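Peer 1: Single-letter residue listing:
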Amino acid sequence: MALRPESSVFPFQTDTMISEKKSIYFFIIFLLLALFPWIIEESFYLEQLTRILILGVFAMSLDLLVGYTGIVSLGHAAFYGVGAYTLACVFQSADVINFWYALPLSLAASALSATIIGWLSIRTSGVYLLMITLAFGQMCYFFYLESPYCNGSDGILLLNKPEILWGAYNLLDLENETHFYFFVLGWFVAVFLLLKRILQAPFGQIIQGICANESRVRGLGYSTPTYKLVSFVIAGTLAGLAGFLEAAHTGFVTPAYSHWHQSGMLLVILILGGIRTLHGPVLGAAAIVLLEDLLPNITDHWKLLMGLLIIVIVLFLPNGTVSFFTRIPTQSAIQYKNKKHE
Amino acid sequence: MNDTILHADNLTKHFGVLPAVQNVSLLLKRGVLHAIIGPNGAGKTTLINLLSGELHPDQGAIRYRNKEITQLLPDQISRLGIGRSYQKINIIPSFTCFENCQLAAQSRLITFMGLFCSGKQVKELHERTEKALEMVHLSHRNKTAAATMSYGEQRQLELAMILATEPELLLLDEPLAGMGNQESNQIIELLQKLAKQHTLLLVEHDMDAVFAIAQQLTVMVNGKILETGTSNQIRNSDAVQKAYLGNNVIMKNEG
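Which chain is which? The protein sequence lines are W and Z, in order.
This note's numbering applies: residue 1 is where the first sequence begins, and numbers increase by one.
This note's numbering applies: residue 1001 is where the second sequence begins, and numbers increase by one.
The shape of chain Z in the complex, shown without the other chains (with noise of 0.2 Å):
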C-alpha cells in the first residue's frame, strides 16, 4: 500500500441533524488525478474541508502518508504537504499579486517567524514566488493588486498560492467555476501538467472537463459515495446515471 498518499476511513459530519458527509471512505494514490462529483449540497466541500482540517469529523480517520491527521489544524496540515484552494475566491484583495504568492512562498522559507530574513532568504523568497506565477501564467500581472484582477486571474493567483507552498497533495474546490472558455482551457492544461508531479483531488462541476482529465472519479449524493471507479465505470453506472448524471450525458454518451 506504499502508494497511497491519503486514506480517509468512514467519515461523518453532521451540521446540527443534517448530515452533511455520511461514512464516506476515499483512498487517495500518489500521482493520480482524483475528482469527486455530485450535485449542489452533496457534501463534497464539506468533505474538502474535513480533508483540510478546517473541520473536524464526528466519526472516522483521516491518514495522510500513514500519519493520522484527523484533529490536526489547517496550518498544521498546510505543512505536512497538503494544499488546498477554496470554492470562493480566497486572496488577499489588498496586497499585490506577487505579495500574495510570496505571502504562501515565504511560509515554508522563514524563520524566527519572520521577524528577521536574511538576503539569501529573501532571494530564494523571490524566485520560488516567480516560479510560482510563471506556472499559472501570471508573471506580467506582479504588480498590480490582487482585488483589481479578472476573476480568471483572481483563481489563477490562487493557484499559485498553493503551489508556492510546494506541496504534495493538492485538495481543489472547483478550480474553473465562473470561468470563461479560454481560460478554463488553461487551467485544465495547468491541471493536466500539475497532476504529473502531484496528486490532485479535485471537486468539479464542469463533467466535461473532468471525463476528460481525471483518472479516478468518485460520485457523491446526498453526503455518501455512490460510486468510485475510471470514467469509463462511472459513465456505465446505472446508479449514477439514475441519481446525477442524467439523460442528456447517456444520449451524449451513446452519441
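Chain W with its partners taken away, still in its complex shape (with noise of 0.2 Å):
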C-alpha cells in the first residue's frame, strides 16, 4: 500500500516497521508469559498472575466502552456478574460442569443484558449516562442480594470446575492450577487479539470517531446509536467471559461481583494503567494486583497509601502507567512532530 500515514492511529495504514517491531514485543510477552509456569514454579505467584489476566480482560473489555467509545460506564461489573452467576445457577448443583454449554451460556446471558442496558442507557451521555449505568449496576446487585435462586449475601459456591470434554477425554484439566492458568492466558491472548483486529478494522474507526464527535459521524451516515449498542454488547460480552473465569477460578460467587465498588475499581485501572491503549489496562491490572498484596505489608492503612500512589500516578504520569514505557503520540507530540515536519 502506498499510503502509510505515520501518526496513524490505524494499523493498516501505520509504518510496518513500527507495528512489526510491536508485533515483536507482545510475541515476547506472550512467550514470556506461556513460559511463566516454568520460569517461577511457585503457585502463589502463578495464582496471582491468573487474576491479574482474568481482571486484564475485564479491564479491556471496559476499555473499549471508555476509551475507544467514549461511553464511560459506572455499571461495567453487571455483566461481570451476569457471566459468573449464569454459571453458579445454573451449575450449583451438578455434578459435572459441562464448558461447553457453561461458558456460552455465560456469554449469551450476558450479551442479552448489554444488549437490554445499553439499549436504554445510550440514549445518554454525561453524568446522565454515568448514573443510568450505576443504577444499572445496583439493581443487578440487590438482586443477586435479594433473589432467592442466588443465595444472598452468602453467595453461591462452585464445587467443581468446569470440564473441558472431547468425546470421553479431558482436554484440560481445571482443577490443576497450571492447566488453569493456560486455559486463562488462552482465552486473554483471544480477547486481546480479537479488540486489536477489531479496532483496527473499520468498526474501530467509526467508534473513535464517534468518541471524538458524534454528530459529525452520524452526518457522515453512520447510525451512531447503532455502532454505540454494538460496542456495549462486545464490552459487555468479554465482561461476562471475565466474570465466568474469575468464578470458575475461584469457586465462589457473591454480589460483591456486581457492586458499584467493582466497576469504579476497574475505572481505576483504566486511568492507572493507560486508557485507550489495550495493554495500558492490563497493566493497570497488574498494579492493582500487586500493590494489593505489597501494601498491606508495610501499613494496615494501606488503602491510605494505594490511594496517595493512585493520586502521585495520575500527577506524573497522566497518560498512566503504559506511558512510562512506551511514548504514546499525544495531541501534543503529533503537533511537535507536524511543525519539526514543516
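30 Å max Cα-Cα, derived BS3-like pairs, lysine-lysine:
1) W:LYS22 to Z:LYS1143
2) Z:LYS1143 to W:LYS196
3) W:LYS21 to Z:LYS1120
Simulated from the structure, these hints should not be mistaken for laboratory data.
Note that this is a predicted model, so its numbers are computed, not measured.
These two chains come separately, so use the hints to put the complex back together.
Peer 2: Next comes the structure, spelled out in C-alpha cells:
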C-alpha cells in the first residue's frame, strides 16, 4: 500500500516497521507468559498472575467502551456478575459442569443483558450516562442479594471446575492450577487479539470517530446509536467472559461481583494503566493486584497509601503507567512532529 | 417535474416562541447551483439543518427525489445522497487528514458494520479517499493531524469528507467563511467544478462570490423568503435592495 501515514491511529495504514516491532514485543511478552509456570514454580505467583489476566480481560473490555467509544460506564461490573452468576446458578448442584454448555450460556446471558441495558443507556451521555449505568449495576447487585436463587450475601459455592470434554477425553484439567492458568492465558490472548482486530477494522475507526465527534459521524451516514450499542454489547459480553473465568477460578460467586465498587475500581485500573491502549488496562490490573498484595505488608492503612500512589501516578503520568514505557503519540506530540516536518 | 431534486414545502420551525423559519418553500433543480443569502439570523442555517435532518420542522414537508424525508434522521438522509457541511469546522481533530476522509468514504463501502474488512474493500477505500482528497488539493497533507491544519485546509478537508460519501446534493453552509483570498478562490473554482456533476445549495455571505457562481438565488430575511430568482432578478429586486443589499451594492451595480 502506498499510503502509510506515520502518526496514524489505525495500523492498517501505519508504518509496517513500527507495527512489526510492536508485534515482536507482544510476541515476547506472550511467550514469557506461556513459559511462566516453568520460570517461577511457586504456585502463589501463578495464582496472582491468573488473577491479573482475568482482571486484564475485564479491564480491556471496559476500555473498548470508555477509551474507544466514549461511553463512560459505572455499571460494567453488572455483566461480570451476570457471567459469573449464570455459571453458578445453573450449575451449582450439577456433578459435572460441561464447559461447552456453561461458557456459551454465560456469554449469551451477558450479551443479552448488555443489549437491554445498553439500549436504554446509550440514549444519554455525560453524567446521566454515569448515573443510569450505576443504577443498572446496582440493580443487578441487589437482585443477586435478594433473589432466592442466588443465596443472598452468602453467595454460591461451586464445588467443581468446568470440564472441557472432547468425547470422553478431558482436554484440560482445570482442577490443576497450571492447566487453569493456561486456560485463562488462552482466553486472555484471544480477547486481546480480537479487540486489536476490531479496533483496526473500520468499526474501530468509526467508534473512535463517535468518541471524538458523534454528530459529525452521524452526518456522514452512520447510525451512531447502533455502533455504540454494538460496542456496548461486545464489551458486556467480554466482561461476562471475565466473570465466568473468575467464578471458575475462585469457585465462589457473591453479589460483590456486581457492586459498584467493582466498576469504580475498574475505572481506576483504566486510568492507572493508560486509557485508549489495550496493554495499558492490563498493566493497571497488574499494578492493582500487586499493590493489594504488597502494601498490607507495610502498613495496616494500606488503602491510604494506595490512594496516594494513584494520585501520584495520575499527576505525573497523566496517560497512565503505560506512558512510562511507551511514548503515546499525544495531541501535543503529533503537533510537535508536524511542526518539525514543516 | 423530473428535474426537481428537492422540494421543501412550507417549512416552519420555532425555537420556543421565536420563529426561526416561517413558511419557507424551496425548489432545487438537478444540476443547478442554488444560493441562499440573507443577514445573520435570517434562518439560513436552520433551513439547512431542517433539510439535513439535524432538526425536524414543526410544519411542512420535504421531498427528495419524490420521496418524503421530513422526519428522517441525519444518517438516513446522508445515505440517500445528501451531503452537508457545517458553519463551524466539524471534523475529527485527533484523526489525520487521511483518516477523516477515509471515515467518510467507508460509510458507503463497509459491510457487517465494519467489524471485518476484506483486502479488496481496503483498496477501494483508499482509492476513494485519495480521489476525494485530490479533488480539494489536499493529497500532500495525508499524514497531518487534522487539528494542526490551517483553517482553510480544514474547510477543504470538510469538503473532501462530503465528496467521499459521493452525494448527489450538497448542502454547504458558508464554505468560504474566514478564508483568505487565495484559498477562497480555490474553493470557488472547486464549487464551480462540483456544480457540473452535483446539485449545490450554498449558504454564503461573500456576495461577490455568490453572484458570480450561483444560477439561482434565494434571499431570506427574518425566517421568511423575500425573493427567489436569477442573480439579475435579485439585483434588480426593489424589496431585496431595501431589505438586505444596501446602497453599496446598488451603486456597484449601476457603476
